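Student: One-letter residues, chain by chain:
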Amino acid sequence: KQEVTQIPAALSVPEGENLVLNCSFTDSAIYNLQWFRQDPGKGLTSLLLIQSSQREQTSGRLNASLDKSSGRSTLYIAASQPGDSATYLCAVTGLQTGANNLFFGTGTRLTVIP
Amino acid sequence: KAGVTQTPRYLIKTRGQQVTLSCSPISGHRSVSWYQQTPGQGLQFLFEYFSETQRNKGNFPGRFSGRQFSNSRSEMNVSTLELGDSALYLCASSPAGTSYEQYFGPGTRLTVT
Chain A
3 KQEVTQIPAA
13 LSVPEGENLV
23 LNCSFTDSAI
33 YNLQWFRQDP
43 GKGLTSLLLI
53 QSSQREQTSG
63 RLNASLDKSS
73 GRSTLYIAAS
83 QPGDSATYLC
93 AVTGLQTGAN
103 NLFFGTGTRL
113 TVIP
Chain B
18 KAGVTQTPRY
28 LIKTRGQQVT
38 LSCSPISGHR
48 SVSWYQQTPG
58 QGLQFLFEYF
68 SETQRNKGNF
78 PGRFSGRQFS
88 NSRSEMNVST
98 LELGDSALYL
108 CASSPAGTSY
118 EQYFGPGTRL
128 TVT
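Read top to bottom, the protein sequences are chains A and B.
Add 2 to a position in the first sequence, counting from 1, and you land on the number used in the numbering used here.
Add 17 to a position in the second sequence, counting from 1, and you land on the number used in the numbering used here.
Some hints here could point you the wrong way.
Chain A stretches covered by chain B per the calculated footprint, using a threshold of three residues with CB under 8 Å from any CB of chain B [as the list claims (entries may be wrong)]:
no. : stretch
1   : 32–43
2   : 46–54
3   : 97–106
Since the hints were derived computationally from the structure, they do not count as laboratory data.
On a predicted model such as this, the values are computed, not experimentally measured, just so you know.
Cβ coordinates follow ideal geometry from the N, Cα and C atoms, glycine included.
Excised from the complex, chain B in its bound form (with noise of 0.2 Å):
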């Protein structure tokens, strides 16, 4: 089987700008999971969606959004961008509703200037 996959891998943004992240999960997983990544913060939960809907939510401002199609894969958006928001942004998948193994995948690194 594939594994998560996340496009674009690199992106350079502008503050103020807005970006959209993109993550394919693996073949039959319906549990799509986001995560920033940075070097003061570590890793901190964004939020997760299951069958098309947001299950869960991590403690981010409004500017971060996200949506699952009914494909599983999943988009998160970051509008009105600042310089804090440079990070890696990790998706993850996992097979079912509850309490699975999370697979993560390569990150998109995103940096602001």
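Okay, chain A solo, but in the shape it has when bound (with noise of 0.2 Å):
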């Protein structure tokens, strides 16, 4: 069974700080990678989606990368500001599961200090 691990559970910077969440997946056989953003009690806002044949993808200050044969995602994120504040999910699906299954991270929850 795909198993989505995200590393650090809660992280704090100042404002300004470029910074990385890390996003690890145990199964390679992937359809595609997604990034979402999740503020408390609200839906999630789609930020960015990897194929599996691609390497990464940028919007803005955003940049998401993918190692399909590692199992590992990572999102930067670009001189941070309060409102980036929120808990950033990756979520995968398989090529075994279905291309609208996704399996979902526990999430990093983001503060950015002002």
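Make the complex out of the two chains shown on their own, each in a separate frame, by following the hints.
Tutor: Shown next, in the form of structure tokens:
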């Protein structure tokens, strides 16, 4: 069964710092990997989607990389802002389990201190 | 385009009752998936519907069921509610059959007392 782990579970940084969130998964037979953010009590907002054939994706201050063979992804956030404070979740879809069945990590709770 | 909408947003039910939650996907999206989020188990996949057919199912008891209508709107039903069913229920839609980005709704917060 696919297992997704995110480290660290929580992270607190001062405004302006660059930071990296980590995600690892046990089964490399994936369709894609998606990064989301979730604000308290809210739904998920999609940040970046990386197909299994891609190595990275960028959107604004965010850059996500994927190393499928080692089962790892990182989300890089440049010049962090207080508005980036949220829980960040990574999720993968597996070739065996279906392209729309997301397996989620437990998330990293990010706090950016003004 | 309007996003994914879910109704109701909040619900309080008593143990043993049943509940129906509704999800309207983004216009043109044909796949709808449902997830349960709890503090203890995190986000877990319930099932996916595509073109009115259940295409995939997670590891949940038969008390959890769903359906999809011809306009792609979906409902999920939980019968004989248990305290452990208290959770945030999220639905997500994606534009076609496979491997597309999923867009989530705001969720329905279900509390079972």
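Student: Against each hint, give a clear statement of whether it holds in the structure.
Tutor: Here is what the structure says about each hint:
1. Restraint check on the stretch 32–43 of chain A versus chain B: 5 residues with Cβ-Cβ distances below 8 Å, three needed, restraint holds.
2. Coverage of a stretch by a chain is defined here by at least three residues with a beta carbon nearer than 8 Å to that chain's beta carbons; for the stretch 46–54 of chain A and chain B the count is 5, and the condition holds.
3. Check on the stretch 97–106 of chain A: 8 of its residues sit with their Cβ under 8 Å from a Cβ of chain B, so the three-residue criterion for coverage holds.
Checked against the numbered hints above, the structure violates none of them.
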